[in-house]
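Colleague: Go ahead and model the full structure; you've got the sequences and the hints to work with.
Residues 1 to 98 in UniProt numbering are what the sequence shown spells out, letter by letter.
The hints are simulated quantities; they were obtained by calculation from the structure and are not laboratory data.
Be aware that one or more of the hints could be misleading.
To be verified - Simulated restraints, written as ranges between beta carbons of each label pair: (1) VAL20 <-> SER81: 19 to 25 Å; (2) GLN51 <-> VAL26: 16 to 22 Å; (3) TRP86 <-> ASP49: 19 to 25 Å; (4) SER2 <-> GLY33: 27 to 33 Å; (5) SER2 <-> ARG96: 32 to 38 Å; (6) GLU63 <-> THR85: 28 to 34 Å; (7) ALA89 <-> GLU63: 26 to 32 Å; (8) ALA89 <-> GLU8: 18 to 24 Å; (9) ALA97 <-> THR77: 26 to 32 Å; (10) THR71 <-> GLU8: 15 to 21 Å; (11) ARG65 <-> THR85: 24 to 30 Å; (12) THR72 <-> ASP40: 26 to 32 Å; (13) GLU63 <-> VAL26: 14 to 20 Å; (14) GLN51 <-> SER3: 16 to 22 Å.
From a predicted model like this one, the values you see are computed outputs, not experimental measurements.
Here a beta-carbon is modelled for each residue, glycine too, at the ideal position from N, C-alpha and C.
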Amino acid sequence: MSSLSTREVCQRLRDAALEVCALQRVAQESGHGQILVEIDGWQLLLDFDGQRLHHCLQCRCPEDRVWRLDTTQRFGTDPVSLLSTWELAQIERLLRAD
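Modeller: The structure is reproduced here in structure tokens:
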């Protein structure tokens with residue numbers, strides 16, 4: 001089975017920002033600033049400090065394909081870095097609203 005691409009994960013975040021798909025908080029993870037959310041059946045583990053969304057740490061789609069943040073790679077490999085300023089602000093607003 002193939003892994004998810006960064007762009008596929010980014011598209012889920014964009015869909016949530018545009019409110020095409022609902023973003024729902026599933027759980028606050030034990031790690032500092034980590035939150036598990038679901039967007040249309042996709043589960044994303046986000047690095048969120050209560051105000052700012054820093055990274056998407058991993059994502060699993062309903063077909064069980066997975067994407068994980070690779071911090072050894074350069075800019076553009078984190079779906080959050082591909083969001084526009086407006087999209088990022090919308091996601092942060094949705095996360096604070098929960």
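Colleague: Are there hints from earlier that the structure breaks, and if so, what are their numbers?
Modeller: 14
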